[in-house]
Amino acid sequence: MQTEIIIAGFGGQGVLFAGQLLAYTALDNDLHVTWFPSYGPEMRGGTAHCTVIVSDEEIGSPIVRNPRAAVVMNLPSLDKYEPLVREGGVLVVNSSLVDRNPDRKDLSAIMIPANEVGEEIGDKRLANLVMVGALLQRLPVLTVEAVGQSLRKHIPEHRRNLLEANIEALKRGHALAAGEAVSA
Amino acid sequence: MAKELLKGNIAFAEAAIRAGCEAYFGYPITPQTEALEHMSKRMPELGRVFLQAESEVAAINMVYGAASAGVRVMTSSSSPGVSLMMEGLSYIVGSEVPVVLVDIMRGGPGLGNIAPSQGDYNQIVKGGGHGDYRPIVLAPATVQELIDLTVEAFDLAEKYRYIVVVLADGSMGQIMEPAELPPMKPVRKPEERPAWALTGAKGRDPNVITSIYIDPAVEEEFNLKLKAKQERIEANEVRYKEIALEEAEIAIVAFGTAGRVAQSAVKAAREEGIRVGLLRPISLYPYPYHRVRELASKVKAMLVVEMNGGQMVEDVRLAVEGRVPVHFYGRMGGVVPLPEEVLDEIRKVHSGLAVPA
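Chains as they are written, first to last, in this note's numbering: chain A, 1 to 184; chain B, 1001 to 1357.
Keep in mind the hints are simulated off the structure, nothing from the lab. Virtual Cβ for every residue (Gly too), placed ideally from N, Cα, C. Take these hints with a grain of salt, some might be off.
Unchecked claim - Here chain B is said to cover these stretches of chain A; the calculated rule only asks that three of the stretch's residues, wherever they fall, bring their Cβ under 8 Å from a Cβ of chain B:
id: 1; stretch: 18-24
id: 2; stretch: 29-37
Claimed, not checked - Partial chain B-side listing against chain A, Cβ under 10 Å, derived:
id: 3; residue: G1170
id: 4; residue: M1176
id: 5; residue: A1262
id: 6; residue: Q1263
id: 7; residue: K1267
id: 8; residue: P1339
id: 9; residue: V1342
Stated by the list, open to error - Sample of chain A residues with no beta-carbon within 12 Å of chain B, all distances over it, derived:
id: 10; residue: F10
id: 11; residue: D79
id: 12; residue: E82
id: 13; residue: L97
id: 14; residue: E119
Looking at chain B on its own, in the form it has when it is part of the complex (with noise of 0.2 Å):
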């Protein structure tokens, strides 16, 4: 396939019709409302469910009704559509079910604004619905990644039967790249459905998909399945990006949009002669501790980067624990930090360092 000039939005709908995705239900919101658009235009061309709801607590428990009888579902919606549907996601998860959702980040808290942001990283990342689980988080810094990672996200679903987000802001379904569409995937026929999903149970004994468990000894029992399917996820699913982490004195510990910002300002300063480098994590559940503990060993300072007020360095500083000063900076409410701003933060860390013996 050759590439296109594609929307983030437009980009990840057709990602998931081509992956195979059999229904979409949502509620549009901005700035994630072309997805919603295309798939309303697409779906039933192709002889696909698309349905828009009254409200995204209904679009969820949709997809969550979809998902049980074993058809490739999602949803798409922005932050304050996500905080909506968290009751669903909790059920979703309780009931190991595949869904896949893809969040496109906007400024908060209430209904805050439709601009970039990064927000919802501790709503998404540490759960969201009430109960002990962490859906699987992917984070997308460009349109192509962005469609890698939506098709992905199908299969890590369904491989764990699981909830996967792709969590992305604004400006990446906003913006537009050249990007590569995957090979048109046929939907799964009714007969390859899975065996535990409901499908009639026509010859066989009933499956039964639930969340209930009133016996706080059974409902333990099934917390420890769902724990030893976090601790498969966090042994096989850990994924990052490096730039520039070559002999680098300081590691900036960016994702997405403030990844990219951080990765131009890395550009800028190695040419000022200041040894900077990056790792842009991608799974932000599992989160990558084990590499940036081994950074923290072999840089001096750390500067996290995000579009919020420091969500993502808690786990920053998790990993590190102490070894290393962890500084932060961030832009909060739908502002996009620029790269002067951040080269600027890697002038004050790189200064900090340079202690005459």
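Just chain A, same shape as in the assembly (with noise of 0.2 Å):
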């Protein structure tokens, strides 16, 4: 069983590095996992995505076509990612900065406020782990637990003061993301 997910936005949302979390997460949990950057000269405000694919064995090609699960923190790349997604995939839409929802009717989709919620937790920069907290309760290929707690081991020394406010915002994503699955 191989899941793709394609983590997408403006350089400097912390896209590339919610791909490695999940990648860290997969390997503390002895999976097999590619992540794969796109890139390219610029540094903050372009645009940036990765490919990060989970499996149980060997992985082939570290690209593919129709990932099973995109989060997109930007509308560019909503418009982009929305229709590759697979049938019946998993999009996570940060809608804090899409003011549009997704046109695909055979997705499973979630807007989330990533940015208002972060800021809630204290700085609107948590918004990629919020998303990936959406993600998982949609897609749980690993769970926020296993995520917290890879977090947790490989965090920088002198990241260490922000560990918990990025453990609460995966939780909050997650939450949020069950909230709104009871309701529809």
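Reconstruct the complex from the two isolated chains, following the hints.
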């Protein structure tokens, strides 16, 4: 069983880090994983995305045309990846920066005001992990608890002060996605 | 050692350090720069040499000098930078000193772009610099293989006093995967340098490291020696991996990242009932001609997939000698083919086989 996830947004929104965190968690849980970034000459402000593939067997191609899930942090990413998600797949949209609903009806789509949720916890830069929490509610390829443990394990010493806020962001995203699923 | 999540560029740099690399000379170029960055931090920490040269031309000549002194040395770069190194590589072969080069290829020709490409197959595998030689070329397809082949490259370079090129594309440099690094090997002590090295000649006759042989008869003699060395390499160092080739009607041949993409396509095609398998050459020189020729007598067609306009396909055709049709699918300019595209090609080749009796 192989699961492909694309995380996309502006450079600086933490999409590469969010993907790396999923990859570390997969490693810690003895799964095969590849993390493949978009890489270019731009730094902040350009577009960025990464493809994370998690599998219980050896992974061939590190890129895919039709991922099982897309996490989109801004409108250009929604426009680009909504049509590509595999039928019946998962689409997590950052409604803080996206002013339209997804068009497709065959996806498990969810709007998460990730920037606002991040700000409530203390920093809108937590939006990426709010989104990851929501993703894992819809696509339980890894658990939020496992991601939290891996973050605790791999976070560098000089960032340890941010650990609890990030774990809170994961939990809030997960809870928001669960709540919407109940009301829908 | 436990598995770690490692980025390709950092993985091969650290692997080289653990293989006892004593000196690294280089110049930054995307998509390989993380390797240089890692070296710039780690080598001084360990009391070894890191030097950012003023250009790739200077870097390869520093490598040539260190290798002549019997030091375990390497450089790494990407396509345009490697082009600049070609003169030095030829001199290194002509002087029979061991050197490791990692080439993380990007889109070309010219300045091109920084995206993954296999467009330099001909340049690297067929020689590159002037004169009659072909370097040992190893092509990894995973971060683990990139680590293992980098370590092995140092041993092969010293075994044959030759150049070994680890040839990968930009995606291999940028990807992160779980992989295991080897244990740290101590660097060679000064008294352990090879007998041929330039070490000061105290109490012994001077050694000479040169690539100049003015007399054509003497140069021919050297060339014959080089040829004999290459024949030993061809006899002993062929490496490849096979996937699902049992009872295959179609054999795909693809290396590096194209090989991985093809592997996904093979899996999907097998699920559709198409009997297709994959031969992934790991040594590009020496090329697994013998195995390709054997396969040509077993399968009905071959499909070569590359991230270029069709370079390795010439070697496959040389081995197949017209026994079966050899099809080609390639993407150029830094575009990585998707498994779905390769699957479409497999279906086309397969439907061409189904000629009713």
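Outcome of the hint check:
1. 18-24: holds (count 3)
2. 29-37: Coverage by chain B holds for the stretch 29-37 of chain A (6 residues, Cβ < 8 Å).
3. G1170: holds (8 Å)
4. M1176: Holds, because the Cβ-Cβ distance from M1176 (chain B) to chain A comes to roughly 4 Å (cut-off 10 Å).
5. A1262: holds (8 Å)
6. Q1263: For Q1263 (chain B), the interface hint holds, since the closest Cβ of chain A sits about 4 Å away, which is under 10 Å.
7. K1267: It holds, given that the least Cβ distance between K1267 (chain B) and chain A is near 7 Å, below 10 Å.
8. P1339: holds (5 Å)
9. V1342: holds (9 Å)
10. F10: Holds, because the least Cβ-Cβ distance between F10 (chain A) and chain B comes to about 19 Å, which exceeds 12 Å.
11. D79: holds (20 Å)
12. E82: holds (18 Å)
13. L97: holds (26 Å)
14. E119: holds (30 Å)
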